[in-house]
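Chemist: Given the coordinates of chain A, work out where chain B should sit on it, guided by the hints.
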Amino acid sequence: MTKTRNGGAGVENASAPSTWLVAPALILFLVFAIIPLAVALGLSFTSWDGLTAPVFNGVANWIRKLGDPVTYNALWLSFQVIIFSWIVQTPISLLIGVFTAGKQRYRAVLSALYFLPLILSSAAIAIAFKALLDPNYGLGQSLGIPLLSQDWLGNPHLVLYVVIFVIAWQFIPFHSLLYQAGARQIPPSLYEAAQLDGAGRVRQFFSITVPQLKNTIVTSSTLMVVGSLTYFDIVYVLTQGGPGYATRLLPLDMYLTGFTASDLGGASVLAVLLVVIGLLLALALTKFSGFNRMNSQQEGA
Amino acid sequence: MKNSAPTRTSPRKRAVLRASVLGLVAALSVGLAACSTGPSSSSGLSAWSTTADRPYVEPSIKDWNSAHPDDQIKDNYFGTNDFKDKIRTAVSSDQAPTLVYNWGGGTLKSYVKAGLVRDLTSDLSGKTDWTQKIVPSVAQAGVVDSKTYAVPMSATAPVVLYFNKDVLKKAGVEAPQTWDELIASIPKFKAAGVAPISLGGGSKWPYLMWIEYLVDRIGGPEVFQNIVDNKPDAWSDPAVIKAGEMIRQLVDAGGFADGYASVSADTNADLALMVTGRAGMLLQGSWAYSGIKDIDPKFESDGKLGYAAFPAVDGGKGDPKSLAGNPSVYWSISAKATDAQAKKALDYITSDVWNDSYVKTMTDAGNIPPLTDAATKVKGDFATTLSDMVSEAPSFQQSWDLALSPAASAALWTQLDLLFGGTSTPKQFSDNMNKTLGK
Chain A
451 MTKTRNGGAG VENASAPSTW LVAPALILFL VFAIIPLAVA LGLSFTSWDG
501 LTAPVFNGVA NWIRKLGDPV TYNALWLSFQ VIIFSWIVQT PISLLIGVFT
551 AGKQRYRAVL SALYFLPLIL SSAAIAIAFK ALLDPNYGLG QSLGIPLLSQ
601 DWLGNPHLVL YVVIFVIAWQ FIPFHSLLYQ AGARQIPPSL YEAAQLDGAG
651 RVRQFFSITV PQLKNTIVTS STLMVVGSLT YFDIVYVLTQ GGPGYATRLL
701 PLDMYLTGFT ASDLGGASVL AVLLVVIGLL LALALTKFSG FNRMNSQQEG
751 A
Chain B
17 MKNSAPTRTS PRKRAVLRAS VLGLVAALSV GLAACSTGPS SSSGLSAWST
67 TADRPYVEPS IKDWNSAHPD DQIKDNYFGT NDFKDKIRTA VSSDQAPTLV
117 YNWGGGTLKS YVKAGLVRDL TSDLSGKTDW TQKIVPSVAQ AGVVDSKTYA
167 VPMSATAPVV LYFNKDVLKK AGVEAPQTWD ELIASIPKFK AAGVAPISLG
217 GGSKWPYLMW IEYLVDRIGG PEVFQNIVDN KPDAWSDPAV IKAGEMIRQL
267 VDAGGFADGY ASVSADTNAD LALMVTGRAG MLLQGSWAYS GIKDIDPKFE
317 SDGKLGYAAF PAVDGGKGDP KSLAGNPSVY WSISAKATDA QAKKALDYIT
367 SDVWNDSYVK TMTDAGNIPP LTDAATKVKG DFATTLSDMV SEAPSFQQSW
417 DLALSPAASA ALWTQLDLLF GGTSTPKQFS DNMNKTLGK
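If you read the protein sequences in the order shown, they are chains A and B. Sequential numbering of the first sequence, starting at 451, is according to my numbering. Sequential numbering of the second sequence, starting at 17, is according to my numbering.
Just chain A, same shape as in the assembly (with noise of 0.2 angstroms):
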């Protein structure tokens, strides 16, 4: 069963969609992806205001842009985002969803309510939170309640996690919707099994649940980690990269030095590290989590 799916590519099959329906999408692809950013790459290499030609000034902008400290408190920024984001996102996501996988109407009517924020778009929510969390007029002002009138935006120790935590409000629903989808497939009777075992209902949990779901979580955790790499609009609206540097994340770096600043040069620089950074996570982690062999977990069920 196993071998014959993992070893289909090789099989001839009558109703294989034809190779040129890839044509459209790769077309696509190349126009809209790797076209941009070929000419991205070439441009990192010129001088470019946007308002004359641009000028070739060979490696200037990379030598200016690896050696500017600005870089690496970007690049140090998108690191800490990338892992509290996972941290704090992957464990309430797998709670969420499993437990609005669950058949009963109740939980049917919680995941609704649990889904609410995938509808709001980014900025919608970022400018909610800004007025929420705004020292004067906020939440704590509003509630009386003096612990949660901080200067949440403007304390550059506290603003990252308050970015880290907007961004959860904002993605954990999206992660949530993946695990519940991936829970409903587990064959119920590998818990009916376990329950004749005796298994309780923490160890079901450890011993099937979270194994079933491994192909979710590494799903997941690509496109959190990969998606965390790109941030901006939640960031851009809360805090456009302050106060100072404190949540100059990397793209934000290169929106405001290539829109702000009019150096589009010293931004491809940082568009080309971006995309290279993306690809090596999203391959690392495809490669280390066995995504690629797509092993079925069924075995045996």
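No false leads were mixed into what you were given.
If you want a taste of the chain A side facing chain B, the calculated C-beta under 10 angstroms gives, among others:
1) Asp-499
2) Ala-503
3) Val-520
4) Ala-581
5) Gly-691
6) Gly-692
7) Pro-693
8) Leu-706
9) Phe-709
10) Thr-710
11) Ser-712
Everything labelled a hint here was simulated from the structure, so no lab data went into it. Cβ coordinates follow ideal geometry from the N, Cα and C atoms, glycine included.
Modeler: Relative to chain A, chain B alone:
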């Protein structure tokens, strides 16, 4: 694509393919449209403005269009940030609007350097009736290397110190005339349980107004002029260092409302603190005035509103009557326009901009036109006082972020953020800003 319900003869595969091809065609045609050349509209005249100036620009273009059916101007309006993004790519392309809206200063300089806007000096030499209407210090921001590339088209917006008179009375404070009085008033406000000064640090740009005025009061307008002229180490001028130290002094004394770094000026949260009596003072542009009514319609009629020029600094070289803020917004004419198009665009400017109905729309909304006879036209105490201040001001410092190059102004926002937040010292501020000179 009607009746697109799937039947046996049109398998889903084909529908998917067709959809992808359609998508591709659409994508390509967008790409082609962006590459196509030629005039952007049939008459060839177009104007891009922001929604902020739409109230007077739109009716005036409508008037022009009904009087000149053969030379229609196609007008478009964008949000300020959208506009900045759009114009950057459009201005150097063949889609450039004939009338290019800009803030003068650094942006205009970069347009001039790239040869994107027309030199209007000789075109305007025969239009002295029109050019003489405008306050010279305001017109100055449209001049690069003593040639005129842009002319004012919008209200003038100086920055003033607003007060809540109620709060001042409660704290037993007189409106501060000097910096020392301002510093001395801080403990009195605090004793009365209110914040001395409201500041919208979350929006970053309000920080600018403090350093602009302090540098001007301490060292006069020459200090910033040296920075604009890219003189070496211009940011290390003693006046800039002193201004940085005074900002630190004010922050450390608790002059600004708690959490000021999170307060947003874009949503008028800084204004609300002053109007609702939680802070005594606010340094803001004249544009904030119209927001007061939205927060408390009776604030001005109850006599709570006070306003004055920025305090003088003892021993400073600058004239306490000098102003800072946004002198105006400007029209330039694209260098891509043909001579005939440029002539018509200039005809529109000299006949319709600053005509009676244009000025009336502006003054009715409580704004101050940058005209020499503005005092006779403005309405209300606030606009009258401010227009007197504008006409008496020996210099009108353009907002630094507009006067500087984009690279320098982007750095300035971040460096000010660090200076106010106490992460960098006045010396570090100057050192870091010196690196942006000439960029």
